[in-house]
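Q: All chains, full assembly: derive it from the sequences and hints.
2 protein chains.
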Amino acid sequence: MFKLYYSPGSCALASHITLEEAGAAYTTERIDFKSNQQNSSEYLAVNSKGRVPALVTDRGILTETPAMLAFIAQSFPQAKLAPSDDPFAFAQAQAFNSYLCSTVHVAHAHKGRGPRWATEESSFADMKRKVPQTMAACFALIEREMLKGPWVMGEQYTICDPYLYTISGWLEGDSVDLSKLPKVADHRKRMSERPAVQKVLAEEKA
Amino acid sequence: MFKLYYSPGSCALASHITLEEAGAAYTTERIDFKSNQQNSSEYLAVNSKGRVPALVTDRGILTETPAMLAFIAQSFPQAKLAPSDDPFAFAQAQAFNSYLCSTVHVAHAHKGRGPRWATEESSFADMKRKVPQTMAACFALIEREMLKGPWVMGEQYTICDPYLYTISGWLEGDSVDLSKLPKVADHRKRMSERPAVQKVLAEEKA
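Chains as they are written, first to last, in the working numbering: chain E, 1 to 206; chain F, 1 to 206.
Honestly, the hints are just simulated from the structure, not real lab data. Hints are not guaranteed to be accurate.
[Stated by the list, open to error] Facing chain E, a subset of chain F residues (Cβ under 7 Å, in silico):
no.: 1; residue: 2
no.: 2; residue: 40
no.: 3; residue: 41
no.: 4; residue: 48
no.: 5; residue: 64
no.: 6; residue: 67
no.: 7; residue: 74
no.: 8; residue: 99
no.: 9; residue: 101
no.: 10; residue: 117
no.: 11; residue: 127
no.: 12; residue: 128
no.: 13; residue: 130
From a predicted model like this one, the values you see are computed outputs, not experimental measurements. Every residue gets a Cβ at the ideal spot worked out from N, C-alpha and C, and that includes glycine.
A: Structural data, given as structure tokens:
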């Protein structure tokens with residue numbers, strides 16, 4: 001039995017969908033960012049970074065989306081969510097997820113998380129203004145070179161798909177024109193039709 | 001036979017050391033950042049992101065350090081550089097490397113790569129001023145909770161170690177006081193004594 005700590009609208013959605021797709025037995029606990037619950041002493045005892053997601057397992061607590069996604073996939077091999085038996089194909093999936101966490105999510109975070117990296121209000125406003133441009137550039141690369149279609153890695157749905165779906169869900173809010181990203185838009189539609197995605201979104205919105 | 005594209009002083013050092021530790025057959029090619037070679041048409045054909053490292057394999061080209069490190073480890077299992085047969089332990093190693101790429105390297109990058117996320121000179125200066133604080137906070141967490149000792153994951157040297165060594169090598173330049181980080185300092189010393197590290201540093205400095 002796993003327990004996922006998440007916050008609606010956060011990147012924890014990728015792990016939440018993956019637990020559902022894997023057929024895992026799990027519970028969830030919502031962390032309320034508006035009341036800064038992620039920095040409460042109770043939650044810092046779970047994840048001292050003060051971030052979501054965090055996954056409680058019987059071996060201990062895991063954090064960091066790419067690691068959690070691969071762990072869930074490898075814990076439920078019958079769900080075929082990662083090509084774990086092929087180191088090169090596995091590395092390609094990991095590289096995609098690593099790009100999402102280290103470049104794309106970071107680009108998006110400059111909209112509202114400026115105080116992580118600067119001190120002045122003028123810098124926060126400057127960072128925020130650039131987000132539509134940086135996110136459009138990231139997704140132009142994804143559209144042109146990375147998203148093989150119909151799924152990220154091609155014919156096989158993998159742990160890359162819920163992660164891309166999670167971050168591409170931020171594009172409208174980041175003022176990126178989805179009409180220039182037809183493959184990404186098609187991927188969003190295809191994801192939204194999956195029963196696991198619909199179930200998880202209903203829970204997170206409840 | 002692999003081919004590693006790297007630039008001295010960059011995070012490519014982690015992959016370079018790991019190729020050496022694995023006993024891999026490989027060649028290297030240096031990319032000159034001073035002449036902006038990473039954005040030359042020749043190099044963009046290798047890695048359209050215009051970044052190092054990139055690893056040419058007989059299956060194709062890999063990028064993103066955490067994915068490359070796991071790939072090298074899994075390609076040379078006899079070197080025991082990752083606990084690939086234990087999904088939870090493997091995820092812990094991946095989580096550490098994911099933290100380095102998505103949080104610690106990103107914190108450091110705000111010193112000299114401000115134009116990635118903002119437009120104004122005042123913002124770049126503001127970001128740069130905060131780097132000693134953000135890097136000190138990241139490494140305080142690594143010192144207190146993550147670095148088990150003597151190696152990152154404990155008794156077994158893994159792919160987490162050259163990556164930590166690479167990024168901890170930036171601390172003096174980021175004005176972080178290493179005397180407050182005795183475990184990190186000890187890890188640096190221990191790493192610098194390894195023959196593979198000495199060989200790779202000599203090549204990168206040549």
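Q: Go through the hint on residue 40 of chain F and say holds or violated, using the shortest Cβ distance to chain E against 7 Å.
A: With Cβ-Cβ at 18 Å, over 7 Å, it is violated.
Q: Tell me if residue 64 of chain F is really an interface residue toward chain E, meaning its C-beta lies closer than 7 Å to one of theirs.
A: holds, 4 Å
Q: Under 7 Å, Cβ to Cβ, is where residue 128 of chain F needs to be relative to chain E, so tell me if that hint holds or is violated.
A: violated, 9 Å
Q: Less than 7 Å between beta-carbons is the criterion; does residue 99 of chain F satisfy it with respect to chain E?
A: OK, holds: residue 99 of chain F within 7 Å of chain E, min 6 Å.
Q: Do the numbers back the hint for residue 2 of chain F, that is, is its least Cβ distance to chain E under 7 Å?
A: This hint is violated: residue 2 of chain F lies away from chain E, its Cβ roughly 12 Å from the closest one there, beyond 7 Å.
Q: How about residue 41 of chain F: closest beta carbon in chain E under 7 Å, or not?
A: violated, 15 Å
Q: Should the hint that residue 67 of chain F touches chain E count as held when the rule is a Cβ pair under 7 Å?
A: holds, 4 Å
Q: Should the interface hint for residue 48 of chain F be scored as holding, given a Cβ-Cβ cut-off of 7 Å against chain E?
A: holds, 6 Å
Q: Restraint: residue 130 of chain F near chain E, CB-CB cut 7 Å. Satisfied or not?
A: holds, 6 Å
Q: Can residue 127 of chain F be said to touch chain E, with a Cβ gap under 7 Å?
A: Hint on residue 127 of chain F: holds, closest Cβ of chain E at ~5 Å, below 7 Å.
Q: Next item in the hint list is residue 74 of chain F. Is there a CB on chain E closer than 7 Å to its CB?
A: Holds. Min distance 4 Å.
Q: Answer holds if the nearest beta-carbon of chain E is closer than 7 Å to that of residue 117 of chain F; otherwise answer violated.
A: holds, 5 Å
Of the numbered hints stated above, those contradicted by the structure are hints 1, 2, 3 and 12, listed in ascending order.
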